[in-house]
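Read the sequence shown against UniProt numbering and you will find it ends at 566, with the numbers running on by one and no gaps.
Just to be clear, a hint being listed does not mean it is correct.
Pairs of lysine-lysine residues, derived as DSS-like cross-links and limited to a Cα-Cα distance of at most 30 Å, are as follows [unchecked claim]:
| no. | residue 1 | residue 2 |
| --- | --- | --- |
| 1 | K324 | K124 |
| 2 | K199 | K364 |
| 3 | K364 | K477 |
Quick caveat, the hints were computed from the structure, so don't treat them as lab data.
Treat the numbers as computed from the prediction; the structure is a model and nothing was measured.
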Amino acid sequence: MAKQCKYSCDSAAETLEWIKAIADFIKPFSFLINAHVVNFFKDRLWEAVDEDWLQCLSNESVESLLLIPSGIVQDHWPTSLKEFILTLKSLFYPREQADLKKVFPNFQPTSLNSVLAQGMNLKKKHEVEVLSDIVSSVASAVRADAVIDVGAGQGYLAQVLAFEHQLSVVAIDACSHHGKVTNARAERIKKHYMAQMRKFGSGNQRLNVPQTITCNIMSLETLKSLTTMSSHKGDFQQPKSIEQDLELGLAGRGSSLVLAGLHACGDLSVTMLKTLLECEEVRAVISIGCCYNLLSEEGFANAQIQYGFPMSCGVKSVNLSLGKSSRDLACQSAERWKILGKDAGLHNFELHAFRAAFQMVLHKYFPEVGISPSIGRQGKALRRKQQRKIIKSEPQAEESTYSDLPQMACNMEEACSVTHSGESEAGNTLGVGSDLDALFTKMSLDTGSTCERTMSTYKYSLFEKFCQSGLCRLGLKPSDDINFHGIWKEVEPYVSLIGIYWSLRAAFGPLLETLILLDRLLFLQEQGDVLESVMLPIFDPAISPRNVAIIAKKPDAGISSHHSSR
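Go ahead and model the full structure; you've got the sequences and the hints to work with.
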């Protein structure tokens, strides 16, 4: 009964039709999309969700909840719930990796040698192997003299393009440390290649080594200046350094450039697309965006003169705004949640519950701190630590439901040992990680009343530690007047609902990312015959979920455009 995507983005009219369908679908669910999960208990957010949905999902396994963002339903669910999830999925841009050999002539990514791949994890290696071959193919098609790697990081892509594909490359990044790392790494790689050339008698061959520029690209004008080799003083924080780098890196190479960005954050991906239009030297762009939460948006506090969303006239005509909560939600990865697993999923839901309950503490006792202050991103570190423990532990044959959460760690002696063993662990900035990890590794599915009382007691103990650490991170002094226990007893009956709410809300993540990407594609399509553009998933989504590339070029280059829809 799965609904397949029935939309296309081959033309501007088709792309706009898709965008309008998304806009019509999400408007009735603004209460879910724009919500802050930290306010789950304070604002009683579950009350806005269909009661039949909540009742049904309360009996579902954690694994089933984690599949909801991927659009996977169970046959026995209410018809309205299945229709909601399947309609959502039908509006997603498909993420299956495209057949790149049909799009790019001679596409044949080669496996990186150990020297070039040094320091890369599996995800980065896969991305660089695929993207470097695509960039090389596009650069050849437009007869580019050089490639500019925008947001180059530690230079992984730039170095593969230079050493493996023999392209002239300039790596631009805002972080001076990244520039130093890139240069040092390039020198090590250069020594390896020089040794290989001497060994095989090709010592006269010229090696391309990436040039690096440290520059915070805050505007379209900055990137245009870099690509047009401008030497206007005062345009940059370090004009002399950048002038010299440009002279060394681009001078004499001609005026045909390709911009490439592997997960260029926020507005940087948008700036790359606009530069293609406004800079004659730039012949093509390959952009894989990320960090949509950092996008500037028209009508919001973070908007600049030139904002990152919306880009297209079509989206502006729909009169649709996102807001920070929606842009945050667009960063959610359905692929990663799908493979998270039961224990890590429970861990994730419990951290959400603690944070939402902590918001109750702030609201009641520290109203001056603001709406939802950040207390750090310790949850991700805790989940990674838990996943390592899960791998080491013996697999559990039984399947648990989210309603089983208050019935874990049922053995009294084990439960008591958990608290004492975790209290003195050093380096735990939240003060709860060791206890949580110990509890999760000592889970049991027994269901006695003693178990429930024990679990409730220790959940409260962990919550209190979470609050103490959170207050410390905010520079607030805990007071004896704070009734942590009273707040926990108030929220405890609804703790099991937060995972359900989070899963339903996270299902909008792929849809909102689709909207942002279609807006960018439509912006390019609205330029008419000036540009040829294509949007397609270039990475294996199981390895790299943020896998959609927007590739655009000025005419006369030979990039097939019939794969922009799936």
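Tested hints:
no., hint, result
1, K324 with K124, "28 Å, holds"
2, K199 with K364, "72 Å, violated"
3, K364 with K477, "15 Å, holds"
Going through the hint list in order, the structure does not satisfy hint 2, though it satisfies all others.
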